[in-house]
Each structure stands twice: as structure tokens, then as C-alpha cells.
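Trainee: Read off the chains here:
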Amino acid sequence: MHRIARFCPARRHRQPLLDIRRHFIAQRGVSVLIRKLVFACLPALALAGCQDPASTNEGSSRSEIRIVGSSTVFPFAKKVSEEFVNFDPERRSPILESTGTGGGVELFCAGVGANTPDIVNASRRMKKSEFERCIANGVDGVIEIVIGFDGIALAQSKNGPKISLTVEEFYTALAAQPFGKGPNTAVRWPAINPALPDTRINIFGPPSTSGTRDALEEIIMEKGCKADPAVKALSDSNKDKFEEICHSVRTDQAYTDTGENDNLIVQKLSTNPDAVGIFSYSYLADNADTVRGVPIGGVEPSYATIESGEYPGARTLYIYVKKKHVDVIPGLREFVAEFLRGGENEGYLTRIGLIAAPDKVRTDMLGRIQSLTALDGAELK
Amino acid sequence: MPANPQTPATGRTKTDWMGEAMQKRIARRYAAERRFKWMGLGAVALSSLFLAFLLVVMVGNGAKGFISTEATLTVDLPAATGSISPEQLTQPRLAATMASIDVRRIFDNAVQAQYGEDGARFFASTAWTALRDQLTENPNLVMSKTKVWLPTSSDIDRAAKDNSTPEAEADYATLRKAGEVRQTFNWRFLTGSDGTDPAQVGIWGALKGSLITMVVTLFLAFPVGVLAAVYLEEYASKNWLTDLIEVSINNLAAVPSIIFGLLGLAVFLQFFSMPRSAAIVGGLTLALMTMPVIVIAARNAIKAVPPSIREAAMGVGASPVQVVFHHVLPLAIPGIMTGTIIGMARALGETAPLLMIGMRAFTTTPPDGLTDPATVLPVQIFLWSDEVNRGFVEKTSAAIIVLLVFLLTMNAIAVYLRNRFETRW
Numbered sequence: 000m001h002r003i004a005r006f007c008p009a010r011r012h013r014q015p016l017l018d019i020r021r022h023f024i025a026q027r028g029v030s031v032l033i034r035k036l037v038f039a040c041l042p043a044l045a046l047a048g049c050q051d052p053a054s055t056n057e058g059s060s061r062s063e064i065r066i067v068g069s070s071t072v073f074p075f076a077k078k079v080s081e082e083f084v085n086f087d088p089e090r091r092s093p094i095l096e097s098t099g100t101g102g103g104v105e106l107f108c109a110g111v112g113a114n115t116p117d118i119v120n121a122s123r124r125m126k127k128s129e130f131e132r133c134i135a136n137g138v139d140g141v142i143e144i145v146i147g148f149d150g151i152a153l154a155q156s157k158n159g160p161k162i163s164l165t166v167e168e169f170y171t172a173l174a175a176q177p178f179g180k181g182p183n184t185a186v187r188w189p190a191i192n193p194a195l196p197d198t199r200i201n202i203f204g205p206p207s208t209s210g211t212r213d214a215l216e217e218i219i220m221e222k223g224c225k226a227d228p229a230v231k232a233l234s235d236s237n238k239d240k241f242e243e244i245c246h247s248v249r250t251d252q253a254y255t256d257t258g259e260n261d262n263l264i265v266q267k268l269s270t271n272p273d274a275v276g277i278f279s280y281s282y283l284a285d286n287a288d289t290v291r292g293v294p295i296g297g298v299e300p301s302y303a304t305i306e307s308g309e310y311p312g313a314r315t316l317y318i319y320v321k322k323k324h325v326d327v328i329p330g331l332r333e334f335v336a337e338f339l340r341g342g343e344n345e346g347y348l349t350r351i352g353l354i355a356a357p358d359k360v361r362t363d364m365l366g367r368i369q370s371l372t373a374l375d376g377a378e379l380k
Numbered sequence: 000m001p002a003n004p005q006t007p008a009t010g011r012t013k014t015d016w017m018g019e020a021m022q023k024r025i026a027r028r029y030a031a032e033r034r035f036k037w038m039g040l041g042a043v044a045l046s047s048l049f050l051a052f053l054l055v056v057m058v059g060n061g062a063k064g065f066i067s068t069e070a071t072l073t074v075d076l077p078a079a080t081g082s083i084s085p086e087q088l089t090q091p092r093l094a095a096t097m098a099s100i101d102v103r104r105i106f107d108n109a110v111q112a113q114y115g116e117d118g119a120r121f122f123a124s125t126a127w128t129a130l131r132d133q134l135t136e137n138p139n140l141v142m143s144k145t146k147v148w149l150p151t152s153s154d155i156d157r158a159a160k161d162n163s164t165p166e167a168e169a170d171y172a173t174l175r176k177a178g179e180v181r182q183t184f185n186w187r188f189l190t191g192s193d194g195t196d197p198a199q200v201g202i203w204g205a206l207k208g209s210l211i212t213m214v215v216t217l218f219l220a221f222p223v224g225v226l227a228a229v230y231l232e233e234y235a236s237k238n239w240l241t242d243l244i245e246v247s248i249n250n251l252a253a254v255p256s257i258i259f260g261l262l263g264l265a266v267f268l269q270f271f272s273m274p275r276s277a278a279i280v281g282g283l284t285l286a287l288m289t290m291p292v293i294v295i296a297a298r299n300a301i302k303a304v305p306p307s308i309r310e311a312a313m314g315v316g317a318s319p320v321q322v323v324f325h326h327v328l329p330l331a332i333p334g335i336m337t338g339t340i341i342g343m344a345r346a347l348g349e350t351a352p353l354l355m356i357g358m359r360a361f362t363t364t365p366p367d368g369l370t371d372p373a374t375v376l377p378v379q380i381f382l383w384s385d386e387v388n389r390g391f392v393e394k395t396s397a398a399i400i401v402l403l404v405f406l407l408t409m410n411a412i413a414v415y416l417r418n419r420f421e422t423r424w
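Those sequence lines, one after another, are chains P and Z. When you line the first sequence up against numbering that gives the first Met the number 0, it's residues 0 to 380, in that order. When you line the second sequence up against numbering that gives the first Met the number 0, it's residues 0 to 424, in that order.
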């Protein structure tokens, strides 16, 4: 049966048999449709199969800027890219992805070319090891731009009992081994200072991949830790030991890391009135109706105290631009200029929580992107 | 059962249907029947209740997202631009004329003149682009002093809809008293893209991204899935290899979607170095996920075609290919389409694998092609639900409504096609 059918291809069923006659007639329209469908799909398949790798491998050309990096800089970069397009609707919108500083730098330093990002946002300075990896992958020429400052703010729900801490108390509550004297056993705040409200120590903060966490360890915790003279002496004699004592955050239930998501911390604070959250100042400014800043050493986190450096949690925000991509990817210079324009005093970025860099710094940065002055790795840590 | 008379012929007790014990037993059976009926009805009622709750909440929250609040702004364009003559607005010179107008500055000045130093708080942060759009649409506005309606800030928008900060409420009351505010249908939401100001975001970018991604998925998964099913059912011989393939396909259909995301990341982005965040990569990844579902559905549909059809076709001299494409497939199409609908609906709602391949990027221009960076509706919903600004709450619900409408339209088309081709025998 099979063989006969194969060797004698019937052209068309002129005389269909009895009860399947209706079936044949009904199906002719459908079979034509299926044939069309198959023929329409095959080229599409072939295209999908062949075109993609080809079109991307040659691709040194890309018409939009790609940005990755810090979740702290993300809202600022979003605003800037919106303005960047509004300024000239012919421009293509930059593509932003919030990956965290560490993850962003890793993508950024993966190499040069259309498949790697042009800019990485960073809420801390690039590390020496990261810079070296960049160089090793052919990314020589990284332009460092300071876009402004941000404060790491401690905050709590407006409904909670008011807490006011000193750097030292905060360090003692958060460290894995306060001053290197064995594991942290404090469960309630009075264990650290009897004057504090009698509630459980419950701190929400960023994970270890976050730039906010690095800043937390390097700025606030280190300050608290150095209050002990013995530990301070260690910073010169035994650097590793010093970092272990000062930079390790406890891993028990007193500290909860909430992922690269500062919004989540804000939400958690409003449902846990006793908890303290650690996030960037811009989120505190945005949510002033539900959370309030926790003073450190009597200083409230605010625009003024961070700019003046009075509040201990201030840090610098950076963007890093790939020199080899400037003038290949259209609009990179203009984008950086727009970033600096938005970050001026009374600029639109300061309205959403960025703390402006002094005018002189901004002019320097503008010069840096115009003359394409690359970062010299020697000064990095 | 004491009073039961013995029937000598069979030697067993005759059932006393009227006896008390029997009546009790019967009552129990009826009760069980009723209980089951009520339980079933309860299950249906509970699920409809959840569905109704979801719809009411979504529509209740989301409907407001389709409404935007606008306030008036009187713009004295002739004074602001110097006099522009009518012939400067004719075609060859129009573009240059428009480019020479600094809309942003004019907007800022007009706002300060009408609402005072601090007037910017009344309008959305990018409201001036709305003014520019109106000018581009109707260049003749330049010739006269006009009153335009522009979107208000998100705070005032919320004050108009429910409650907001006390300052915004006061501002809204002032505007209202002066009759300078109105609520209109928010076209921008349907035509615009993502943004930072909830008063001015739109869903079109994500919708277009979803469309492109779905087209790629359909064009890849459908033919490959159907051809695989036809081969396995009609051509492949039954041996351990085809058994293995069958088991693998069934397993693939049950693999969690995030795994496909990782696969897409490793294969398409890292190995083939395709662009990150592109719709085509999303489509390919989702096609991998949808294919097994289509294969399984198509195989079942092909299996259900009676062998008599095949035999009759061969009897009149059709070749195997003709049998498949003229007779078996047309009859199996309704079943195949059902499977495809289920697979595509799942792909449309998928978020996790797309996050892995970078389709969560923020961009304010809708994608124009397969390799343009894009985001899709469910990811956009996820991103908006994460925003702190309260104005995004209603936009999230509105986006969910758009997603549901999209899904319903897609299914309706497929159901219509299926019914058209449905044949009974």
C-alpha cells in the first residue's frame, strides 16, 4: 500500500470515494492554507537560523547607548536618558539595566564591541582588580566621571520608636565580631546601649554585590570600628585582620539582606516599625511620608548634612565610560554632558535626591569627557 | 431484618426495600450525592469568586490609569518666538522653523507667568514635550496666543482621582476653582513608552515588544513543533530511540521557565553573541519553551485522526506526504491550534526567562525591529510594580488590563480559526 502510493503519486482526487467525499471537499481549502503556511514559515525559519549570529557578529555599529550598573545610580540614569531623548527626539533612547555595581563592572570589562556596555554606573570607585581585568580584556581607556554624591541613609518607619545611634553603636549592632571580641550576640538594642528602645535588632540592608554595601562597610562601619584604639592600630599592622573585623556584617537574623532592591527595603520598613533599613539617601528623600532618617551621632541625614560631609554616610557616585566607544556609538559625549547638566545645583537630578558635586568638579568632568582623559589605574585601590 | 420471608426457590433473603435499615442506607446514598454536588458547586463558586475579585480589583485600580488629568497653560507663542511669518510655516522651511523654537524655555516661562515662581510643580516633569508634540501636529499654533491642555504632575493627578499629599490637594482645589483642570482619556498611555514620570508613561513600547517576541516565537515553535509531531507520529518507527525522544519532550514541557532563560543566556547571548535585551532572543528563548507543548498537543491531535482516513486516501493513490498534508493535518489542525494557544498564552505571560536575557532594560523608544532592545508586557508590569512613586500603582493595574485584553484577543482569534477548520466525522 505504502509502496504503491509512493510510486504512483495521484495528481488529484477527481473521484473521491463515497463517505469521505465530503471530507475531501471540505479539506481542500485547509490543505491549501497549510501548504501556504509551510512555505511562509520555511524562509522565516531559515532567516531566523542564519541571520542572527551573522548580524550580531559583525556588529561594531549600534545606534543606542547601553548602560549597566548600580541600582543607586539607576533612577538618576533613567531620568537623564529620558531627558536625553526629549532634548532631541531623533536620538534613540539609551538602554539601561540595573545590575548592581559589581555585576555592571563585570559586563563592562568583558571587552570592547557592540555587545558590551558603553557606560557602567557605580556607587563606589572601580577597584584595582576590576580595572586590571578591564585592561586584560582590551578595555584600555576608561573615563571616570564623578556625577555627584549620595548618602547612605539609615532609616526607620515613622510609626516606630525613635532611634538615634552613634557610629560606634551602629557598628556594634551590625558587625559579625564587634571589635574582634567573638561573635555578636546582641539581640535587642539595650544590649548595646541601655538608653536605646527595647526592641529586637532587625536591620534590612543591601547584599554583598551591592555598591551600597561596600560603601556601608568602608564608610560607616570602618568609622565605628576605629573608635576602638586596639582595632585602629591593626589598620596599619595587620590589614587583613582589620578588614575582617571592620567589614564583616553579621549573618544571623539580626541582618536581612534584601537583594538589589532599595524599594523593597522601604516597603519592609513600613510593615516592620521596629526595623532599621540601610539604603541610599535618594530613596529616603522619595519616601519622606513613610520613613524617617535615623540620626547618626546626632546628625540627621539630609541634603545639607551629606553635602557638607557632616553625616558620616556620604559617598561619591561615578559613571565609567569606554573611551574606545566614544564617537563610535553616537551621542556618548552628549549623554555624559547631559548627566552633568542634570546633576548641577537645582538641576533635575537634585530634585530626585542626587547631591550635586561642587561646580569645579563638574567643570573638570566636562573637560575630561571632551578631552577623553582616561583613568590612570595607579590611584585605584 | 427479622420479618423477612424466605423464598424457597433461590434460598436467599428477599430485599426489604421498605425496611428501616434499607431506607436509612438509601437516604445516606442520596445525602452523599447531594454533598458531592454541593462541594462541586462550592469549588466552582470559589474559583469564580477569585476571578471576580481579581477582575474587580484590576479594573477598579486600572481604569483610572487610562484617565489623565490636564491643566491649561496659556502660551503666547508670537511674543516668545518673535513673529514667525506664515510662509515660514510652509513645507520646505517648516522643519527649520520648528527646530529654531526653544519649546522648553517657552514652556518654563509660560508656567512661571501663569502659576508663579514655583509653578513647575503643577505639571508633569516632561509636560513640555506634550507642548512640542502639539506644535508639531499643528504648526499654526505659533501664529496666535493659545491655551493648551498639558498633563499635570502625578501628585495632582492622584489628587484628582483619590487622595494625595495635602499640598497637591490644595493645588488641585485651586485649579478646579479656576476651571483650569480637566480629565480626559489618556492616549499617551496607549501610544507612549516607559518613562520616569507616571503621569507620562505609556504601554506601547512593551506591547510592541510583546508582539514582536510572540511573532518570533510563533514562527519558530509552530512549524518546528508540528513537523516534529508529524514525523514522530507518521514516519518514525517505534523503537527505544523514539521512546526516549518522547519521554524527553514530555519532560521538557514540564521544565520551569527560568531554566530556559539560563539556556537562552548561555546559548544565544554567550555562544552566538546575539544582542542583549533584543526581542529576537526573547522570541527564541520562549520558542524553546513553547515547542514541547505544541509537539505534545499536535501528536495527540494527529493520533486522534481515524486510520480509516489515511487508508482511504492511500487507497485512492495519495503518497504519504499527500496523506499527511491533505488529510491528516487538516483534521488535526483544531487540536494543534488548541495546544498552540495554551503554549503561546504561557509564553506571553512569561517573565522569568526574559529577565535572564536582559529584557528588563529601561528604554523610552519602542523597538522597531527584531534586534532592537525591547521589553514585554509582563516584565513592564513587574518593573512598574517595583516603582516607589505611587502614581505607578494605577499604571501597573492598567498595564495588567492591557495584557489581559491582548491575551483575550490572541485567544479569540485562535478560537475563531479553530472553529472555522473544525471538521467532524
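Keep in mind that the hints were calculated from the coordinates and are not lab data. Cβ coordinates follow ideal geometry from the N, Cα and C atoms, glycine included. Take the hints with a grain of salt, since some may be wrong.
SDA-like, lysine to any residue: derived pairs with alpha carbons at most 20 Å apart [stated by the list, open to error]:
#: 1; chain 1: P; residue 1: Lys-267; chain 2: Z; residue 2: Val-387
#: 2; chain 1: Z; residue 1: Lys-146; chain 2: Z; residue 2: Lys-160
#: 3; chain 1: P; residue 1: Lys-126; chain 2: P; residue 2: Gly-296
#: 4; chain 1: P; residue 1: Lys-267; chain 2: Z; residue 2: Asn-388
#: 5; chain 1: P; residue 1: Lys-161; chain 2: P; residue 2: Ile-134
#: 6; chain 1: Z; residue 1: Lys-160; chain 2: Z; residue 2: Trp-148
#: 7; chain 1: P; residue 1: Lys-157; chain 2: Z; residue 2: Arg-389
#: 8; chain 1: P; residue 1: Lys-222; chain 2: P; residue 2: Glu-309
#: 9; chain 1: Z; residue 1: Lys-207; chain 2: P; residue 2: Glu-63
#: 10; chain 1: P; residue 1: Lys-127; chain 2: P; residue 2: Ala-377
#: 11; chain 1: P; residue 1: Lys-267; chain 2: Z; residue 2: Val-320
#: 12; chain 1: Z; residue 1: Lys-207; chain 2: P; residue 2: Ala-373
#: 13; chain 1: P; residue 1: Lys-323; chain 2: P; residue 2: Glu-309
#: 14; chain 1: Z; residue 1: Lys-160; chain 2: Z; residue 2: Arg-181
#: 15; chain 1: P; residue 1: Lys-267; chain 2: Z; residue 2: Asp-385
#: 16; chain 1: Z; residue 1: Lys-302; chain 2: Z; residue 2: Pro-222
#: 17; chain 1: Z; residue 1: Lys-144; chain 2: Z; residue 2: Gly-191
#: 18; chain 1: P; residue 1: Lys-267; chain 2: Z; residue 2: Val-392
#: 19; chain 1: P; residue 1: Lys-267; chain 2: Z; residue 2: Arg-389
#: 20; chain 1: Z; residue 1: Lys-146; chain 2: Z; residue 2: Thr-164
#: 21; chain 1: P; residue 1: Lys-157; chain 2: Z; residue 2: Thr-96
#: 22; chain 1: P; residue 1: Lys-267; chain 2: Z; residue 2: Glu-386
#: 23; chain 1: Z; residue 1: Lys-160; chain 2: Z; residue 2: Phe-184
#: 24; chain 1: Z; residue 1: Lys-302; chain 2: Z; residue 2: Val-320
#: 25; chain 1: Z; residue 1: Lys-146; chain 2: Z; residue 2: Thr-135
#: 26; chain 1: P; residue 1: Lys-161; chain 2: P; residue 2: Ala-287
#: 27; chain 1: P; residue 1: Lys-157; chain 2: Z; residue 2: Val-387
#: 28; chain 1: P; residue 1: Lys-267; chain 2: Z; residue 2: Phe-381
#: 29; chain 1: P; residue 1: Lys-161; chain 2: P; residue 2: Ala-175
#: 30; chain 1: P; residue 1: Lys-322; chain 2: P; residue 2: Ala-373
#: 31; chain 1: Z; residue 1: Lys-207; chain 2: P; residue 2: Lys-222
#: 32; chain 1: P; residue 1: Lys-222; chain 2: P; residue 2: Gly-296
#: 33; chain 1: Z; residue 1: Lys-207; chain 2: Z; residue 2: Leu-407
#: 34; chain 1: P; residue 1: Lys-157; chain 2: Z; residue 2: Thr-164
#: 35; chain 1: P; residue 1: Lys-157; chain 2: Z; residue 2: Asn-388
Derived CB-CB ranges, DEER-like [claimed, not checked]:
#: 36; chain 1: Z; residue 1: Gln-269; chain 2: P; residue 2: Asp-239; range: 33 to 41 Å
#: 37; chain 1: P; residue 1: Ser-163; chain 2: Z; residue 2: Gln-269; range: 45 to 53 Å
#: 38; chain 1: Z; residue 1: Val-266; chain 2: P; residue 2: Glu-309; range: 39 to 47 Å
#: 39; chain 1: Z; residue 1: Leu-407; chain 2: P; residue 2: Pro-88; range: 29 to 37 Å
#: 40; chain 1: Z; residue 1: Phe-65; chain 2: P; residue 2: Gly-110; range: 41 to 49 Å
Trainee: Now tell me if each hint is right for this structure.
Mentor: Do the hints match the structure? See the list:
1. Lys-267/P x Val-387/Z: holds, 13 Å
2. Lys-146/Z x Lys-160/Z: violated, 24 Å
3. Lys-126/P x Gly-296/P: It is violated: about 30 Å lies between the C-alpha atoms, which goes past 20 Å.
4. Lys-267/P x Asn-388/Z: Distance of about 16 Å is within 20 Å: holds.
5. Lys-161/P x Ile-134/P: Distance ~49 Å between Lys-161/P and Ile-134/P Cα, so the pair is violated.
6. Lys-160/Z x Trp-148/Z: Distance of about 18 Å is within 20 Å: holds.
7. Lys-157/P x Arg-389/Z: Holds - the C-alpha atoms of Arg-389/Z and Lys-157/P are around 18 Å apart, at most 20 Å.
8. Lys-222/P x Glu-309/P: OK: Lys-222/P and Glu-309/P at ~13 Å, within 20 Å.
9. Lys-207/Z x Glu-63/P: holds, 18 Å
10. Lys-127/P x Ala-377/P: holds, 8 Å
11. Lys-267/P x Val-320/Z: Outside the cut-off at roughly 62 Å; violated.
12. Lys-207/Z x Ala-373/P: violated, 39 Å
13. Lys-323/P x Glu-309/P: violated, 39 Å
14. Lys-160/Z x Arg-181/Z: Holds, at roughly 11 Å.
15. Lys-267/P x Asp-385/Z: holds, 13 Å
16. Lys-302/Z x Pro-222/Z: Status holds; Cα separation ~18 Å.
17. Lys-144/Z x Gly-191/Z: It is violated: about 28 Å lies between the C-alpha atoms, which goes past 20 Å.
18. Lys-267/P x Val-392/Z: Status holds; Cα separation ~17 Å.
19. Lys-267/P x Arg-389/Z: holds, 16 Å
20. Lys-146/Z x Thr-164/Z: Distance of about 28 Å is beyond 20 Å: violated.
21. Lys-157/P x Thr-96/Z: violated, 53 Å
22. Lys-267/P x Glu-386/Z: holds, 14 Å
23. Lys-160/Z x Phe-184/Z: It holds: about 13 Å lies between the C-alpha atoms, which stays within 20 Å.
24. Lys-302/Z x Val-320/Z: holds, 16 Å
25. Lys-146/Z x Thr-135/Z: OK: Lys-146/Z and Thr-135/Z at ~16 Å, within 20 Å.
26. Lys-161/P x Ala-287/P: The given pair, whose Cα atoms are some 15 Å apart, holds under the 20 Å limit.
27. Lys-157/P x Val-387/Z: holds, 17 Å
28. Lys-267/P x Phe-381/Z: holds, 18 Å
29. Lys-161/P x Ala-175/P: Not OK: Lys-161/P and Ala-175/P at ~25 Å, beyond 20 Å, violated.
30. Lys-322/P x Ala-373/P: holds, 7 Å
31. Lys-207/Z x Lys-222/P: violated, 51 Å
32. Lys-222/P x Gly-296/P: holds, 12 Å
33. Lys-207/Z x Leu-407/Z: holds, 16 Å
34. Lys-157/P x Thr-164/Z: holds, 16 Å
35. Lys-157/P x Asn-388/Z: holds, 18 Å
36. Gln-269/Z x Asp-239/P: 33 to 41 Å: Given a distance of about 35 Å, which is inside 33 to 41 Å, the answer is holds.
37. Ser-163/P x Gln-269/Z: 45 to 53 Å: holds, 50 Å
38. Val-266/Z x Glu-309/P: 39 to 47 Å: violated, 52 Å
39. Leu-407/Z x Pro-88/P: 29 to 37 Å: At roughly 33 Å between Cβ atoms, Pro-88/P and Leu-407/Z fall inside 29 to 37 Å, so the hint holds.
40. Phe-65/Z x Gly-110/P: 41 to 49 Å: About 45 Å separates the Cβ atoms of Phe-65/Z and Gly-110/P, which means 41 to 49 Å holds.
Checked against the numbered hints given earlier, this structure breaks hints 2, 3, 5, 11, 12, 13, 17, 20, 21, 29, 31, 38; the rest are met.
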